[in-house]
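For the protein sequence lines, the chains are A and B, in the order given.
Here the numbering used here is used: position 5 in the first sequence is 5, and no number is missing along the way.
Here the numbering used here is used: position 63 in the second sequence is 63, and no number is missing along the way.
The hints are simulated quantities; they were obtained by calculation from the structure and are not laboratory data.
Model, not experiment: these values are computed from the prediction.
Beta carbons are placed, not taken as given, at the ideal position from N, Cα and C, and that holds for glycine.
Do not take every clue at face value.
[What the hints assert, rightly or not] Among the chain B residues that face chain A by a calculated CB cut under 10 Å, a handful are:
(1) Gly43
(2) Phe46
(3) Phe90
(4) Thr101
(5) Leu103
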Amino acid sequence: EPEVTQTPSHQVTQMGQEVILRCVPISNHLYFYWYRQILGQKVEFLVSFYNNEISEKSEIFDDQFSVERPDGSNFTLKIRSTKLEDSAMYFCASSGDRGRDDSNQPQHFGDGTRLSIL
Amino acid sequence: AQSVAQPEDQVNVAEGNPLTVKCTYSVSGNPYLFWYVQYPNRGLQFLLKYITGDNLVKGSYGFEAEFNKSQTSFHLKKPSALVSDSALYFCAVRDYARGNTPLVFGKGTRLSVIA
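Work out the full structure, taking the sequences as your base and the hints as a guide.
Listed below in structure tokens is the structure:
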């Protein structure tokens, strides 16, 4: 069964540094998402991406965050200047087979990148 | 605004006994409801969904969930629990009327199945 893959599995970064988290969504999916899960807390939506642009973003997704689909397969999340409170598990998800309405389709999640800010 | 409540942080059940993990939701329109499971150091795995139709939906690994519109609930159930079912379970909702929107998750319920 096709999977969403995320790299790296664990990223340790100094506060103030830029970090890029990478995701390869399922190949025929059209909708892409980033979520995060701070340790012990709920999964929170960050941003959704469709047709090469952001379709929705949460208040967490401020100017320090950006997303990009640089080629036909990768979907990246960049944090420009990391803060201690950015430490979390970041999950990429994808959904929406070509030609199908996405709203009733489950999102498929990667195993996440654990981001630790020192 | 959409929201999901999972009132129990932890559910303990003996192996072979039935299990229930509770979920209630709030949306302005009609809900699309989902259950996901998370094993240690893994992402969220889709278990089942309710979109429309039969209120009892069946999913992976013998799990099922019952949609109750009057009680705005979508409780996850399994007739006979296995030790391997021990994991973190998340209920999620999206509002049908709003189309392609992000999932809103509950805070999760940790299920421990004891041999």
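Each hint tested on the structure:
no.: 1; hint: Gly43; verdict: holds, 4 Å
no.: 2; hint: Phe46; verdict: holds, 4 Å
no.: 3; hint: Phe90; verdict: holds, 6 Å
no.: 4; hint: Thr101; verdict: holds, 7 Å
no.: 5; hint: Leu103; verdict: holds, 6 Å
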